[in-house]
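**Student:** So you can see what is in the structure, the chains are spelled out below.
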Amino acid sequence: MSGFSRRLENVLVATGGAGLLTAMTVDGIAVFGRHVGWPLLGSIEIVQAAVFVSGSIAMLLTSAMVAHARVHLLVDRLPAGARTAMRRFGLLLGALLFLALLAGSIWIAMDMWPGHEESELLHVPYKPLRVLAVGATAGIAVAFLFHAFRSERR
Amino acid sequence: MTADPAVGFIGVGLLLAFLVLGVPIGVALGCVGLGGLVAVLGLEPALIKSGVVMFETLSRYELGTLPLFMLMAQLCFAAEASRDFFDAAARFVGHRRGGLAMASILGCAGFGAITGSSLATTATVGMVALPEMRRHGYADSLATGSLAAGGTLGQMVPPSGALIVFGIITEQSIGKLFTAALLPGLTQMLSYLAVIAIIVTLRPSVAPPTARASWSERFAALRRVADLLALIVVVIGGISVGWFTPSEAAAVGCIGAFLICLARRRLSWATLRTALHSTLRTSGMIYVIIVGALIFSVFISVTGVTEAVGAQITSLGTSPLVTMILIAVFLLIVGSVLDGLGLMLLTTPILLPIVEQQGLSAIWFGIFLVRAMEIGFVHPPLGLNLYVIQGVANDVPLGKIFRGVLPFIAADLMHLMMLILFPALALALPHWLSP
Chain Y
846 MSGFSRRLEN VLVATGGAGL LTAMTVDGIA VFGRHVGWPL LGSIEIVQAA
896 VFVSGSIAML LTSAMVAHAR VHLLVDRLPA GARTAMRRFG LLLGALLFLA
946 LLAGSIWIAM DMWPGHEESE LLHVPYKPLR VLAVGATAGI AVAFLFHAFR
996 SERR
Chain Z
-18 MTADPAVGFI GVGLLLAFLV LGVPIGVALG CVGLGGLVAV LGLEPALIKS
32 GVVMFETLSR YELGTLPLFM LMAQLCFAAE ASRDFFDAAA RFVGHRRGGL
82 AMASILGCAG FGAITGSSLA TTATVGMVAL PEMRRHGYAD SLATGSLAAG
132 GTLGQMVPPS GALIVFGIIT EQSIGKLFTA ALLPGLTQML SYLAVIAIIV
182 TLRPSVAPPT ARASWSERFA ALRRVADLLA LIVVVIGGIS VGWFTPSEAA
232 AVGCIGAFLI CLARRRLSWA TLRTALHSTL RTSGMIYVII VGALIFSVFI
282 SVTGVTEAVG AQITSLGTSP LVTMILIAVF LLIVGSVLDG LGLMLLTTPI
332 LLPIVEQQGL SAIWFGIFLV RAMEIGFVHP PLGLNLYVIQ GVANDVPLGK
382 IFRGVLPFIA ADLMHLMMLI LFPALALALP HWLSP
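Sequences listed follow chains Y and Z, in order. Take any residue in the first sequence, count from 1 to its spot, add 845: that is its number in my numbering. Residue numbers are given in my numbering: position 391 of the second sequence equals residue 372, and the series is strictly consecutive.
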């Protein structure tokens, strides 16, 4: 693994992990607070945002590591050349899908941008989340393309 | 192109082809769904709908349930939970003929109540239990078969990852699904213990008895798992009686697992990084599948495939019982070439409305589907658990592992039939315990 890949992976794990640990802590405090009579108002909104961050990063990490689930029944029995071609076909389809999702995400973000979307209780703004969704989707598409063409060079 | 069931059927065929050709499952679902929506609705609505699905899926509160339970499992794994569960069970029943195989099943059930994954349970308990059984002269077929079958308990016993995914894509209560899985999980475990008892009665040589552990050794082993058992009881019990939601339970479970790791002096930065890395990688893989599946299910609902299949089934005039048996056979056939999640996400949008037309609930269908998925984990040609076990015991041929798992598959089929004949097996507990 190159130095850049390792650093990128560390950043993704740290960011996504921070999202997960935030969700864990806030939900834990909310449960405790509710049972002792000090409910943590708006905890769901914080958890939603934290889960959003960790979910986006998790998809990006999985794509960067090409760790997607696939059915191996036929592919593993193919000759090496055909196996590589199938792998590349799947990766290019992945890039196509996430480029389409990127287009859809940008479209929605542009539509909603002037609306000042925010959560009800804590007024957590949705703009950063939309930017993150667009960024993560673009990153996933790039990761699919990178691995598709990298395998071609091999 | 019009929104016609024929378009939907073409989409299903294309999806199957993509899956068999090794396209990532989430990508195959998403591409077919999005492509179908473009063909039926046009480019603009299809892109906007997929953009909405992407954002709404990621911003769902209950989405946090899955990674937090995974993190809990990773931390418990770091605390050597799988070894402790097997050791405790082995101290209590290991001296009986077939006792170590039974302990493997109990260990799988215990560790399954933490991992929620069939493959993880099979691999981790297998690494501990298989060498132990072989050292004590157990036949390879019984040792490997009981572990391959026992591992599937990880998929059924709450917090099952498959049930969380099912709850998210069908918008069903994950808490009710977990509660509904308790009795089927328990009866499944008992059926495996019964299979082992029958095998060792008929062929005593396959499982020699071992030395009986003293009561002090037994209590020592029990003390080692007491913290883990308490965590499981709090998490699953808390959901069942309504102390907290599944998402909150996952957070409470994670905090508990952190404390257990700390108390056992197993928590370090390296452990935490590994746990977070594995959790993010696996949950990212499942999120991509969920996003793809939701886009695919929009496509399926737009084309009216479900209504067409439902009308065909109604025209057959079969009873709900026969219909469900036919669906079970269909799931078992498709499940022999598709892995569990692929099977669930391909069939749920089509089969769930049909099942509901037969008067059965989505909660029951979730349990039934996961049960059918589990059988796919232990029968060829896919049978992923068989390969996992072979990875642990390289010198045991796959054929021998399959022969070993056959009696358990027979029990599985009977158990699946019981679930069809007696839906209350899954539905009674959520009904009694719903807050």
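For the record, the hints were derived by calculation from the structure and aren't laboratory data. The beta-carbon is built from N, C-alpha and C at its ideal position, and this holds for glycine as well. One should not assume that every hint holds.
In silico contact screen, one side only, chain Z against chain Y (beta carbon under 10 Å); selected entries [to be verified]:
1. Ile29
2. Pro48
3. Val214
4. Val222
5. Phe225
6. Glu229
7. Ala256
8. Arg262
9. Thr263
**Student:** So, for every hint listed, does it hold in this structure?
**Tutor:** For each hint, the structure was consulted:
no. : hint   : verdict
1   : Ile29  : holds, 6 Å
2   : Pro48  : holds, 6 Å
3   : Val214 : violated, 16 Å
4   : Val222 : violated, 13 Å
5   : Phe225 : holds, 5 Å
6   : Glu229 : holds, 5 Å
7   : Ala256 : holds, 9 Å
8   : Arg262 : holds, 5 Å
9   : Thr263 : holds, 8 Å
In this structure, the earlier hints numbered 3 and 4 are contradicted, and the remaining ones agree with it.
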